[in-house]
Amino acid sequence: MLDRLLSHDRPRSVWLAALLAVIVVGLAFTPFLVSGTKALDVAAKIVVFIVLVASFDLLLGYTGIVSFAHTMFFGIGAYGIAIASTSMGPGWAAVAVGALCALVVSGVLAFVIGLFSLRVRAIFFAMITLAVASAFLTLASQLSDLTGGEDGLTFKVPEALQPGTQYVENPVLGASIDGRLLTYYVLFVAAVVLVLAMLRIVNSPFGRVLQAIRENDFRAEAIGYRTVVYRTLSNVLSALFATLAGCLLALWLRYNGPATTLSFEIMLDVLLIVVIGGMGTIYGAVVGSVLLVLAQSYLQDLMKLASGAVANVPVLSQILSPDRWLLWLGILFVLSVYYFPTGVVGRLRSAGLRATGR
Amino acid sequence: MGTAAATTPAAAADAGAGAIPKSRFDAIPLLLVAAVALVAWPFVGSTSTWLTLTVAGLSIGMVIFITASGLTLVFGLMDVLNFGHGTFIAIGAFIATTVFAAMSDWSASPDLVRNLIAVACAMAVAMALAGAIGWAFERVLVRPVYGQHLKQILVTMGGLIIGEEIIKMIWGPAQIPLPPPEALKGSLFFGNANVDKLRVLGVVVGAIVLVALLWALNRTKIGLLIRAGVQDVEMVESLGYRIRRLFVGVFVAGSALAGLGGCLWAMIRQIVVPQIGGEVNVLIFIVIIIGGLGSTLGCFVGALLVGLMTNYTGFLAPKAAMFSSIGLMVAILLWRPQGLYPVSSR
Chain A
3 MLDRLLSHDR PRSVWLAALL AVIVVGLAFT PFLVSGTKAL DVAAKIVVFI
53 VLVASFDLLL GYTGIVSFAH TMFFGIGAYG IAIASTSMGP GWAAVAVGAL
103 CALVVSGVLA FVIGLFSLRV RAIFFAMITL AVASAFLTLA SQLSDLTGGE
153 DGLTFKVPEA LQPGTQYVEN PVLGASIDGR LLTYYVLFVA AVVLVLAMLR
203 IVNSPFGRVL QAIRENDFRA EAIGYRTVVY RTLSNVLSAL FATLAGCLLA
253 LWLRYNGPAT TLSFEIMLDV LLIVVIGGMG TIYGAVVGSV LLVLAQSYLQ
303 DLMKLASGAV ANVPVLSQIL SPDRWLLWLG ILFVLSVYYF PTGVVGRLRS
353 AGLRATGR
Chain B
3 MGTAAATTPA AAADAGAGAI PKSRFDAIPL LLVAAVALVA WPFVGSTSTW
53 LTLTVAGLSI GMVIFITASG LTLVFGLMDV LNFGHGTFIA IGAFIATTVF
103 AAMSDWSASP DLVRNLIAVA CAMAVAMALA GAIGWAFERV LVRPVYGQHL
153 KQILVTMGGL IIGEEIIKMI WGPAQIPLPP PEALKGSLFF GNANVDKLRV
203 LGVVVGAIVL VALLWALNRT KIGLLIRAGV QDVEMVESLG YRIRRLFVGV
253 FVAGSALAGL GGCLWAMIRQ IVVPQIGGEV NVLIFIVIII GGLGSTLGCF
303 VGALLVGLMT NYTGFLAPKA AMFSSIGLMV AILLWRPQGL YPVSSR
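Chains A and B supply the protein sequences, listed in that same order. Residues in the first sequence are numbered from 3 upward in steps of one, following this note's numbering. Residues in the second sequence are numbered from 3 upward in steps of one, following this note's numbering.
Honestly, the hints are just simulated from the structure, not real lab data. Warning: the hint list may mix true and false statements.
[Unchecked claim] Below, in silico cross-link-like pairs of lysine to aspartate or glutamate (DMTMM-like), each with a Cα-Cα straight-line distance of 20 Å or less:
id	chain 1	residue 1	chain 2	residue 2
1	B	K223	B	E239
2	A	K158	A	D147
3	B	K170	A	D325
4	A	K40	A	D180
5	B	K321	A	D147
6	B	K170	A	E267
7	B	K187	B	D234
8	B	K153	A	D180
9	B	K153	A	D153
10	A	K158	A	D43
11	B	K170	B	E184
12	B	K321	A	D180
13	A	K158	A	D180
14	A	K40	A	D303
15	B	K223	B	D234
16	B	K321	A	E217
17	B	K170	B	D113
18	B	K153	B	D81
19	A	K47	A	D303
20	B	K187	B	E281
21	B	K170	B	E281
[As the list claims (entries may be wrong)] Facing chain A, from chain B, some residues (calculated, C-beta under 7 Å):
id	residue
22	V41
23	G160
24	I164
25	F287
26	S326
27	G329
[Unchecked claim] Output of the computed footprint for chain A on chain B, the stretches with three or more beta carbons under 8 Å from beta carbons of chain A:
id	stretch
28	221 to 229
29	234 to 248
30	277 to 285
Cβ coordinates follow ideal geometry from the N, Cα and C atoms, glycine included.
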């Protein structure tokens with residue numbers, strides 16, 4: 003049963019399996035295990051990032067093409083919900099319409115971009131997606147009537163998901179059963195379903211072809227697979243999953259703006275998580291998201307403390323300041339591409355192989 | 003390689019030319035530049051505004067060409083796609099602010115010669131520093147990932163981010179105004195059309211770089227080797243030339259040119275932000291895709307096209323300016339999928 007759910011793509015390492023189990027159980031019971039809104043916020047962000055990063059892994063890890071427009075699709079999803087909820091008023095209809103419209107827009111856009119840039123050379127793709135994404139970011143902050151410009155949109159979610167809605171009068175096991183908790187579980191269940199769906203995709207014959215293209219596109223073409231078609235399809239699929247991740251984020255935050263979903267920093271986060279978690283393993287997205295989002299949420303506070311402690315030392319305090327977070331991310335990113343290319347999952351798997359003597 | 007080359011239009015023209023293959027010069031892309039300018043004329047309306055826009059567009063195009071030429075050569079020669087090219091542009095721009103501040107009595111004096119000396123100093127320092135950093139960049143970041151496109155893209159992108167953050171550390175995250183030198187302020191008048199003096203400077207420097215580049219590529223032995231390397235690296239290596247060393251040279255020269263371009267870019271914009279590298283990067287990617295990856299002439303024509311296009315649309319429909327260059331790229335890729343001047347060996 004579990005094996006079928008995982009599409010026969012098992013963790014293949016005892017440690018990885020244990021880690022994944024801890025993560026899933028931990029995320030499933032976060033509202034009851036830890037109290038406080040920040041902890042729940044972090045957990046929700048982890049859940050959304052797992053979907054977002056796994057969808058990017060479909061492209062980078064499995065198909066072997068780099069896109070810099072992934073946050074664009076993430077943003078389209080979030081803006082879909084935000085704009086629909088603002089213009090139609092809160093309700094499930096708005097959520098459905100917003101998500102559907104966002105999926106259509108993302109799908110068409112991804113298809114067109116893919117067709118144009120992958121038709122000739124896959125290397126165009128990275129450059130063209132970068133250009134399109136930055137144009138889209140400019141557009142989103144300029145069309146302030148529709149998107150709220152730089153300020154973004156604050157909107158109301160359906161009543162069942164609003165924090166004011168109480169389902170049980172007294173807290174159960176230390177957590178109040180309200181709309182917020184329900185939203186968290188909507189996110190959690192959606193993420194589980196989406197990640198399992200992606201596992202299904204990458205382990206299907208279609209996913210095999212994608213991996214063949216990644217390993218040797220010339221050969222895949224020679225065997226008879228139209229690489230353009232497969233790459234474009236992979237791009238569309240990954241865009242659709244990213245859009246859904248954006249929808250989930252919008253439901254949780256009840257707000258969306260350019261900085262929350264479209265900014266280049268999020269793109270860097272996604273890249274880093276894929277590399278650290280392990281490219282070409284959907285599980286890497288799960289492990290990596292937990293690591294990075296936790297680090298981002300709690301390490302920055304630590305950096306603030308550290309730079310406060312060395313405030314008198316001129317260069318050191320500047321390097322340790324939380325404003326330089328991106329510098330550290332960049333350095334970490336380059337180092338992990340060089341020295342840690344298979345990521346956490348790859349390392350655990352090869353350690354498992356060594357232990358069992360193949 | 004040979005059969006692949008025969009399928010491209012340039013090489014096909016070669017084969018038809020007889021015993022000594024000499025490709026016919028393809029002038030259509032150049033005519034396209036003129037066509038874009040002419041088509042925009044009726045839309046803009048007044049001739050003087052059109053002239054102003056055209057000169058401004060050409061000068062921006064020249065500056066884009068200076069910055070992009072290094073990138074396209076680096077790609078053509080070694081198949082390295084450097085996403086970190088924007089770092090050198092940003093360094094050039096910030097060096098310009100520092101040098102201008104240090105030579106404030108030179109740049110603020112009303113004497114044109116003293117101003118030009120200050121500008122020349124800024125350009126020289128920007129080129130030297132950008133070149134030096136380019137050398138280190140190649141050594142540390144690019145060299146370990148030769149031949150692996152995926153890692154190259156990731157690592158050089160990481161390099162761009164690190165560079166941007168280091169610039170923020172040194173010069174601060176805020177934007178820095180860069181007032182133009184005293185004698186270069188204001189504009190020249192040709193009839194009713196007024197043309198920024200700084201933009202004239204941009205065109206002049208761009209033209210000098212273009213001529214120097216064309217001379218170096220077409221009239222010197224190193225240029226011959228570079229062009230041969232773009233066509234077929236292995237053949238040049240088998241003839242006993244160290245293409246690797248040549249490549250480092252091209253990388254450093256390309257970085258220095260990017261520094262020069264960033265310097266000019268900052269002077270024309272009169273304001274410098276740390277994100278400038280990433281912003282210009284997007285533009286020059288569009289340019290080298292339009293031109294055909296690896297082609298210098300294509301890069302030049304593409305830069306002029308993008309420069310003109312963004313200026314016209316910036317005047318006619320400001321919000322669409324960013325999309326105009328993407329639209330232009332899409333249209334050109336539909337017409338010539340490999341870019342305006344495809345490099346035949348790839």
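Hint check results:
no.	hint	verdict
1	B:K223 / B:E239	holds (15 Å)
2	A:K158 / A:D147	holds (18 Å)
3	B:K170 / A:D325	holds (10 Å)
4	A:K40 / A:D180	holds (16 Å)
5	B:K321 / A:D147	holds (14 Å)
6	B:K170 / A:E267	holds (15 Å)
7	B:K187 / B:D234	violated (47 Å)
8	B:K153 / A:D180	violated (46 Å)
9	B:K153 / A:D153	violated (36 Å)
10	A:K158 / A:D43	holds (17 Å)
11	B:K170 / B:E184	violated (28 Å)
12	B:K321 / A:D180	violated (44 Å)
13	A:K158 / A:D180	holds (15 Å)
14	A:K40 / A:D303	holds (13 Å)
15	B:K223 / B:D234	holds (16 Å)
16	B:K321 / A:E217	violated (41 Å)
17	B:K170 / B:D113	violated (33 Å)
18	B:K153 / B:D81	holds (13 Å)
19	A:K47 / A:D303	holds (17 Å)
20	B:K187 / B:E281	violated (25 Å)
21	B:K170 / B:E281	holds (15 Å)
22	V41	violated (22 Å)
23	G160	holds (4 Å)
24	I164	holds (4 Å)
25	F287	holds (4 Å)
26	S326	violated (10 Å)
27	G329	violated (10 Å)
28	221 to 229	violated (count 0)
29	234 to 248	violated (count 0)
30	277 to 285	holds (count 4)
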